[in-house]
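Peer 1: Sequence:
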Amino acid sequence: MSSTDPPPAKRQRTDDTQTTRSELWNEDGNIVLQAANTQFRVHWSVLARSSSVFSDMQGLPQPAEQPLVDGCPILEISDDPDDVEYLLKALYIPSFHCQTLLPFPVVRALIRLGRKYDFEYLYDSALARLRKEFPATLEEYDACEKSTTIEDDGWLTHDVISLARENEILSVLPAAYHFLLSFETLASLKFTEIFEEGHVALSILDLGKCIIGREKLFQTQFQPGYTLGWLRKRDFKDCTSLKPCRKSREAVLASFVDAHLQDGLVTPESIFARGFLFCSGCRQHIRESTETGRKRMWQALPIFFDLPAWDELSKER
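In this text, residue positions in the sequence shown follow the working numbering: the first is 1, and each later residue adds one.
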């Protein structure tokens with residue numbers, strides 16, 4: 001080729017691969033993202049404005065023989081097409097990810113791709129939802145009676161544990177592990193590979209941490225200074241009804257031991273609500289001992305699952 005010959009024209013894509021155009025196809029877009037066999041026509045400027053990774057990629061020279069679709073270069077990415085669609089919707093339709101409740105797959109996509117491509121704002125907004133549901137303080141944990149920012153179809157805790165492990169978001173794991181163990185039996189934990197479509201079973205690592213952590217929690221909750229340590233004390237000095245209170249204390253202990261129940265963050269109110277009768281003096285001692293023990297149990301919670309202490313985890317947050 002002489003120096004005066006024009007450069008070769010970029011070729012239109014002609015291979016036999018069956019591709020699908022996403023509904024996110026902007027006629028004035030100047031780049032086509034392809035995830036698996038799904039294509040998205042978007043704008044470099046929209047990607048580069050929110051992502052440092054795409055901003056850096058935009059400035060790279062394009063290969064002369066790069067395939068084109070409708071005159072746009074194709075950028076193949078190794079991501080799930082659904083994840084890409086959710087991410088692009090969040091970029092192009094700001095209200096999409098600002099809803100009070102988001103489906104978990106949307107949150108998962110923003111975490112995965114936000115972290116991978118440094119979409120900082122989208123990643124942070126999704127991370128805030130995970131932290132809201134599985135917080136790092138006892139006060140916030142107590143306030144989480146139900147999911148308030150992520151739709152829960154019954155598998156949310158399992159899914160969050162898997163997502164957090166995949167993306168090294170360790171700070172949500174202590175609360176997520178404990179919440180899961182408050183509702184799962186040891187037998188059901190062992191068979192979490194039998195999952196509904198669209199959900200991921202716990203990894204061997206997380207399953208092991210749950211099984212071992214559950215036993216540690218069960219044993220510790222009865223130790224002096226912890227949540228149910230008062231069950232091992234002799235009669236409280238202010239007790240005005242020795243026999244009935246002693247009988248109730250034995251019944252509380254049996255309810256935990258017989259069912260091998262782990263609930264180291266149980267509240268005194270929930271104990272009283274189960275119908276166990278105590279005199280006013282014992283109720284006051286139980287309330288104070290349980291609340292003090294819950295705080296100590298919470299502080300130790302990450303250690304039960306072989307995670308860094310809260311002080312270290314807080315640096316991530």
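Just so you know, these hints were derived from the structure itself, not from any lab. Mixed in with the good hints, there may be bad ones.
[What the hints assert, rightly or not] Straight-line alpha carbon distances no greater than 20 Å define the calculated SDA-like cross-link-like pairs of lysine to any residue that follow:
| id | residue 1 | residue 2 |
| --- | --- | --- |
| 1 | K216 | L138 |
| 2 | K209 | G225 |
| 3 | K116 | S55 |
| 4 | K233 | F222 |
| 5 | K132 | L156 |
| 6 | K146 | R112 |
| 7 | K89 | Q66 |
| 8 | K116 | D79 |
| 9 | K116 | L75 |
| 10 | K216 | E184 |
| 11 | K247 | V257 |
| 12 | K233 | G281 |
| 13 | K116 | E184 |
| 14 | K209 | W310 |
| 15 | K89 | F104 |
| 16 | K132 | S162 |
| 17 | K209 | A300 |
Peer 1: Now, for every hint given, state plainly whether the structure supports it.
Peer 2: Consistency of the hints with the structure:
no., hint, result
1, K216 - L138, "19 Å, holds"
2, K209 - G225, "24 Å, violated"
3, K116 - S55, "13 Å, holds"
4, K233 - F222, "10 Å, holds"
5, K132 - L156, "13 Å, holds"
6, K146 - R112, "24 Å, violated"
7, K89 - Q66, "27 Å, violated"
8, K116 - D79, "10 Å, holds"
9, K116 - L75, "16 Å, holds"
10, K216 - E184, "15 Å, holds"
11, K247 - V257, "15 Å, holds"
12, K233 - G281, "14 Å, holds"
13, K116 - E184, "33 Å, violated"
14, K209 - W310, "17 Å, holds"
15, K89 - F104, "15 Å, holds"
16, K132 - S162, "17 Å, holds"
17, K209 - A300, "15 Å, holds"
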